[in-house]
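Q: Now for the letters of each chain:
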Amino acid sequence: PPRIRCCAPPRASPAMNCRAEVLEVSVEGRQVEEAMLAVLHTVLLHRSTGKFHYKKEGTYSIGTVGTQDVDCDFIDFAYVRVSSEELDRALRKAVGEFKDALRSSGSDGMGQISLEFYQKKKSRWPFSDECIPWELWTIKVNVVNLANEQERQICREKVGEKLCEKIINIVEVMNRHEYLPKMPTQSEVDNVFDTSLKDVQPYLYKISYQITDSLGTSVTTTMRRLIKDTLAL
Amino acid sequence: AMDTDLSSQDRKDLDKFIKFFALKTVQVIVQARLGEKICTRSSSSPTGSDWFNLAIKDIPEVTHEAKKALAGQLPAVGRSMCVEISLKTSEGDSMELEIWCLEMNEKCDKEIKVSYTVYNRLSLLLKSLLAITRVTPAYRLSRKQGHEYVILYRIYFGEVQLSGLGEGFQTVRVGTVGTPVGTITLSCAYRINLAFMSTRQFERTPPIMGIIIDHFVDRPYPSSSPMHPCNYRAGEDNGAVYPSVEDSQEVCTTSFSTSPPSQCVFTVTKAHFQTPPPVVTDTLKVPVMGLAFSHQLSSSRLSYQPAALGVGSADMGYPVLFAGGLNAAHPHQLLGPGKEGGVPPIPSQPAHGTQADQERMCTPLDGVHYSAATPSSSEDTETVSNSSEGKCGSPHDLLETIFIRKVGAFVNKPINQVTMANLDIPFAMFAPKNVELEDNDPMVNPPDSPETESPLQGSLHSEGSSGSSTGNTHDDFVMIDFKPAFSKDDILPMDLGTFYREFQNPPQLSSLSIDIGAQSMAEDLDSLPEKLAVHEKNVKEFDAFVETLQ
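Quick note, the sequences are listed as chains A and B, same order.
Heads up: the first sequence runs through residues 1 to 233, numbered per the numbering used here.
Heads up: the second sequence runs through residues 1 to 550, numbered per the numbering used here.
No lab work stands behind these hints, which were simulated from the structure alone.
Treat the hints loosely; a few may be bogus.
[Stated by the list, open to error] DSS-like mimics (lysine-lysine), calculated; alpha carbons at most 25 Å apart, straight line:
#, chain 1, residue 1, chain 2, residue 2
1, B, K113, A, K56
2, B, K113, A, K182
3, B, K144, A, K158
4, B, K113, B, K16
5, B, K144, A, K162
6, A, K162, B, K37
7, A, K140, A, K162
8, B, K113, A, K55
9, B, K19, B, K107
10, B, K68, B, K12
11, B, K19, B, K68
12, A, K198, B, K57
13, A, K121, A, K198
14, A, K158, B, K37
15, A, K198, B, K37
16, B, K110, A, K182
17, A, K120, A, K198
18, A, K55, A, K198
19, B, K67, B, K19
[As the list claims (entries may be wrong)] FRET-style restraints, in silico, Cβ to Cβ:
#, chain 1, residue 1, chain 2, residue 2, range
20, A, N148, B, R173, 37 to 47 Å
21, B, S163, A, K182, 42 to 52 Å
22, B, F499, A, D100, 49 to 59 Å
23, B, G92, A, E149, 33 to 43 Å
24, A, K56, B, S163, 48 to 58 Å
25, B, D109, A, K158, 35 to 45 Å
26, A, K140, B, R11, 44 to 54 Å
27, B, R173, A, D190, 30 to 40 Å
28, A, H177, B, D58, 47 to 57 Å
29, A, T185, B, E111, 17 to 27 Å
30, B, E167, A, E165, 20 to 30 Å
31, B, G158, A, D100, 48 to 58 Å
32, A, E149, B, D109, 27 to 37 Å
33, A, K182, B, T183, 18 to 28 Å
From a predicted model like this one, the values you see are computed outputs, not experimental measurements.
By construction, the Cβ of each residue, glycine as well, lies at the ideal position given by its N, Cα and C atoms.
All chains, full assembly: derive it from the sequences and hints.
A: The following block contains the structure:
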């Protein structure tokens, strides 16, 4: 049975040694999902390992991560994602909700989706476990409306080029080899990794989003947390 | 750098890691340029053979080439492993697209743990490589390869050579991993100037616009390692022969357009033709599909005079190439009336038509068409020499040169240069060509050297015409060579230009042929009184009929 884990809202704080990266994209409505998936999958590609198999004496072996190419339908773009249907489903669910919220917000189509990697720190009873973010990716989205097919075609290409730049930015950040949680012992592994998937093991993460209303302030704060139990569905 | 701090086991491990990292790097790059989507499965139970915990297939041929290039060595300072990705058209033109470099520099990280941190970071670097290989321009090119071009790879070890990438190439860093013996760096330099043209085409026609040609130079390093196509059928044995190249293919339109406006962007046109497969040398493997690739400079477009039909209602310019090489066997294309059909030979005197008409008439060239356009005898082979004998000032010129001029639609043609069949007939210039001799048709296979028009002009004018040399006033220019835009007409048996020339002269409608027309009209006129008499006889019937209508 899924366990409910309660976590503090994501926030980046230098004191917590959490680095924050912000990416911005302007896309057409129908490109939102693919653009978000491309970015999220690229980040998770770098932040997922094979499944750990602990052996005696504290050693462990790591499973193998497969990858696959994904072609976008509405963007002249292709990206690589981890071969895990569970992970793909989880991301699609989150992005789908974000897209729906964007559309129904009635605002001029601005919002952001955040991917936060965190560690759990166990606390004594009665305090609940603490979630300490160590990396926060925020994608700011601006939805544009296009008038005709020609503009849409240009948008396909332009957004494709922009996403190429974003991938390069992401890779740059990954290459800095900055703080990563220590490799955990068997008893600690669930505090660092999401072990609920059957084929890969991403670092613990949560996805949330906000829709900005037309006034530019985050009045409508729809905080949805995708936590482990929804992933297990 | 002395690595006394590094245990021998660590050193051995590190060397192994770097070696397999290099091999996997090559696999990722080449597989990313195969033109296919890659998919590998995750496996939760470790198989023990997946280096860096990533499922990256090993194409045996690629591993073989990489090992050959490395020759037992490892990337070190000054010794980089490079994977060069290039594009090769079926005509043999090639262009370097990317150079992926795996380099080692001297910056050591003594503290780092080899078996754990270095290994995991190498794994991360491979993931970055997977991501980056999809975002450089060559990825999209490679996904579309097969018809007009193929993507080739070449592995070499030593100094990085970036000169083949053209001006303004860009670099993207994939990542670095520090090790106790140095820092591994993986990066890619890629061409951004994708507009190109072949040197052959360039020699033939001088460019009108400024065109940057900074490639298609001979490979500066002739001793460099062989190139291989990325598009490789998995499962073949190491060293297997590639499938043979198909002979004739269809070329689709392609355009490379990422260049700045100052450069020439040109279009590959649709063509059907037999083409020899790309040159296969002992160092170059044949791509899986050889193809025809035809390209045309926009300069051709610029040299084409806009004399297309429909330009102005009175404009009936029909640029056609007739140049040289004609012989008596194809007189049907020249001033040569048919033997049959009642078309009289070119008269030395105007058969009819006023003197004024004569003066307005156009040049002989139109007559070329007209005379051939006999309604009933499109297969005529009246020799020019026969028909024009005595009528032309210089029959040889006539034979040798024909060309077209722009002419108004309803301009009367000089009688002396046309048959009666063509007098006063609009659209008569749509004389049927003799389609039988298409192979020898100079329009299809234009002769090499077009003669100038003046001799012919003079000779035709001197063809018994009286004062009709002034009939040239309508001609603004003479088209010697017809090069329709977007088509290549000097090699192909059938292309746009040929089609245009062929079918712009459909056979003349019989009712438009003046002789029969004249005859039937004469008959009609003659029979009129008779008919009137008959009708008068039946006038009562007609009146009754009219009554019923009221």
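Q: Next step is simple, just say for each hint if it's right about the structure.
A: Status of each hint after checking the structure:
1. Only pairs whose Cα atoms come within 25 Å are accepted, and B/K113 paired with A/K56 is accepted, the gap being roughly 22 Å.
2. A distance of roughly 13 Å separates the Cα atoms of B/K113 and A/K182; the hinted pair therefore holds under the 25 Å criterion.
3. Pair hint B/K144 plus A/K158 holds up; C-alpha atoms about 19 Å apart against a cutoff of 25 Å.
4. Pair hint B/K113 plus B/K16 holds up; C-alpha atoms about 15 Å apart against a cutoff of 25 Å.
5. Only pairs whose Cα atoms come within 25 Å are accepted, and B/K144 paired with A/K162 is accepted, the gap being roughly 21 Å.
6. With a C-alpha separation of about 21 Å, the suggested pair A/K162 and B/K37 falls inside the 25 Å cut-off, and the hint holds.
7. Taking the CA atoms of A/K140 and A/K162, the gap is about 13 Å. The hint holds against a cut of 25 Å.
8. The suggested pairing of B/K113 with A/K55 holds, with an alpha-carbon distance near 21 Å, which does not exceed 25 Å.
9. Pair hint B/K19 plus B/K107 holds up; C-alpha atoms about 19 Å apart against a cutoff of 25 Å.
10. For the proposed pair B/K68 and B/K12, the alpha carbon gap of about 21 Å is at most 25 Å, so the pair holds.
11. Restraint check: the Cα-Cα separation between B/K19 and B/K68 comes to about 13 Å, which is no more than 25 Å; the hinted pair holds.
12. At roughly 22 Å between alpha-carbon atoms, A/K198 and B/K57 fall within 25 Å of each other, so this suggested pair holds.
13. For the hint pairing A/K121 with A/K198, the CA-to-CA distance comes to about 24 Å; that is within 25 Å, so the pair holds.
14. Only pairs whose Cα atoms come within 25 Å are accepted, and A/K158 paired with B/K37 is accepted, the gap being roughly 22 Å.
15. Distance restraint check for A/K198 and B/K37: the Cα-Cα separation of roughly 24 Å lies within the 25 Å cut-off, and the hinted pair is therefore satisfied.
16. Restraint check for B/K110 and A/K182: satisfied, since their Cα atoms lie roughly 20 Å apart, inside the 25 Å limit.
17. The straight-line distance between the Cα atoms of A/K120 and A/K198 is roughly 21 Å, inside the 25 Å bound, and the hint therefore holds.
18. For the given pair, A/K55 sits about 18 Å from A/K198 by alpha-carbon distance, which is consistent with the 25 Å threshold.
19. Annotation: proposed proximity of B/K67 to B/K19 holds, straight-line Cα distance about 9 Å (limit 25 Å).
20. Range check, A/N148 to B/R173: Cβ separation about 39 Å, and the 37 to 47 Å hint holds.
21. At roughly 46 Å, the beta carbons of B/S163 and A/K182 sit within the given window of 42 to 52 Å.
22. Checked against the hint of 49 to 59 Å, the C-beta distance between B/F499 and A/D100 comes to roughly 54 Å, which is consistent with it.
23. At about 38 Å, the CB distance of B/G92 to A/E149 agrees with the hint of 33 to 43 Å.
24. Against the hinted window of 48 to 58 Å, the Cβ-Cβ separation of A/K56 and B/S163 comes to about 56 Å, which satisfies the hint.
25. For B/D109 paired with A/K158, a C-beta distance near 40 Å keeps the hint of 35 to 45 Å intact.
26. As the Cβ distance of A/K140 to B/R11 is approximately 47 Å, the hint placing it in 44 to 54 Å holds.
27. Separated by about 35 Å at the C-beta atoms, B/R173 and A/D190 satisfy the suggested range of 30 to 40 Å.
28. Checked against the hint of 47 to 57 Å, the C-beta distance between A/H177 and B/D58 comes to roughly 27 Å, which is inconsistent with it.
29. Distance hint check for A/T185 and B/E111: the Cβ-Cβ separation is about 23 Å, which falls inside the suggested range of 17 to 27 Å.
30. Under the hint 20 to 30 Å, the C-beta atoms of B/E167 and A/E165, about 22 Å apart, fit the expected range.
31. Our hint of 48 to 58 Å for B/G158 and A/D100 holds, since their Cβ atoms are close to 55 Å apart.
32. Against the hinted window of 27 to 37 Å, the Cβ-Cβ separation of A/E149 and B/D109 comes to about 53 Å, which falls outside the hint.
33. Distance hint check: the CB atoms of A/K182 and B/T183 are about 23 Å apart, consistent with the given range 18 to 28 Å.
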